[in-house]
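Participant: Place chain Y on chain Z using the hints.
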Amino acid sequence: MTDSQWPLWEVFVQEEQGAPHFHAGSVHAVDPEQALQNARDVYGRRGALSMWVVPSVNITATVPADTGPFFDPANDKVYRHPQFYRTPRGVKVF
Amino acid sequence: MDADLFAYLLRIADDRLVLGHRLSEWCGHGPILEEDIALANISLDLVGQANHLLQLAGSVEGAGRDQDRLAYFREAVEYRNALICELPRGDFAFTIVRQLVVAARDMLLFDRLAHSARSDLSGIAAKALKEVRYHARHSADWIVKLGDGTEESHRRAQRALDDLWRYTGELFDTDGVERRLVERGIGVDSSTLAAEWRAQVAEVVERATLKLPADGYMMRGGRVGRHTEHLGHMLAEMQIVARSFPGAKW
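These protein sequence lines are chains Z and Y, in that order.
FYI, in the working numbering the residues of the first sequence are 113 to 206.
FYI, in the working numbering the residues of the second sequence are 224 to 473.
The following block holds chain Z by itself, in its conformation from the complex (with noise of 0.2 Å):
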């Protein structure tokens, strides 16, 4: 990214009432107004109930190196899994 650009922000929308906002993707902007309004612009023309902007300097993000260490599923240790334990009787199970 160059000087040329504006600063970046990272949009979430929220389309449904109680729905989590998931990233929609991102705009350019000077200030947090802008950014709403472009936000709107370009993510929000098919409907949404609530938008967020950040700036995306913002955002501590993993990096590829941590997938390793901080995402592995530990199949290995079963006790980290629900699975592992009985359910006691008398449970209603679903």
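Calculated from the structure, these hints are not laboratory results.
Here a beta-carbon is modelled for each residue, glycine too, at the ideal position from N, C-alpha and C.
Treat the hints loosely; a few may be bogus.
Partner residues are not named here, just some residues of chain Z that face chain Y (Cβ under 7 Å, in silico) [to be verified]:
#1 H140
#2 E145
#3 L148
#4 Q149
#5 N150
#6 D153
#7 V154
Facilitator: Okay, now just chain Y, sitting in the frame of chain Z:
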């Protein structure tokens, strides 16, 4: 035929169609991708409003003209838009100042028309009101950035305001058509919108550190079909496909 209502609908529709087309000229030329999309969206809103209003006008006229016929097969002298809508798009400051001036008027107009005794017109107005509120917010935000920005952006925004001011008076002219429709509870007397419009524009202009121009001579003529030379050129481009291939579908 309800001649007053037909004439009235054409005015409101033509403001939107002509301004919307002017704004569409920015498509692909916006200062930044996001703004390019924003201007195209506003343009589409305006053309969409014109579409509904011309459709209604066609049915009021009852002569078999649909919205396409009215948009593409009328000459410049038959157009009833205010002159401010047809001026060439100019630089970005000119475009944005014009959008604010017109959107601020549209907000007041549609707010009133949303209570029109004609339910078809009030329905169109209620939907359009939501759109023009956003248009006003978008342009006001930009004017503050331009006016309170760099020396060049300030100078250009002030020049746009000065150049456009003499075209604003026409937006608030009224006539017998409007007065008769007011009596029937259908239309709005444009002159009653002027004071509030001025206050809203003045508020933005002040925030933008710009100066409201003095009221001098006002240009008018659009409402009776006396247009600038610019409208004919614009219509030639807008209408050529429909006129070259009448009835074409795609």
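Participant: For each hint, tell me whether it holds in the structure or not.
Facilitator: Hint check:
Annotation: interface hint on H140(Z) holds; nearest CB of chain Y at approximately 6 Å, less than 7 Å. Given hint, E145(Z) at the interface with chain Y, holds; its Cβ is 6 Å from that chain's nearest Cβ, closer than 7 Å. Given hint, L148(Z) at the interface with chain Y, is violated; its Cβ is 10 Å from that chain's nearest Cβ, farther than 7 Å. Taking 7 Å as the C-beta contact cut-off toward chain Y, the hint placing Q149(Z) at the interface holds, the least distance being around 6 Å.
For N150(Z), the interface hint holds, since its Cβ comes within 7 Å of a Cβ in chain Y; the closest pair sits about 4 Å apart. Annotation: interface hint on D153(Z) holds; nearest CB of chain Y at approximately 4 Å, less than 7 Å. Taken as an interface hint, V154(Z) checks out: its beta carbon lies about 6 Å from the nearest beta carbon of chain Y, inside 7 Å.
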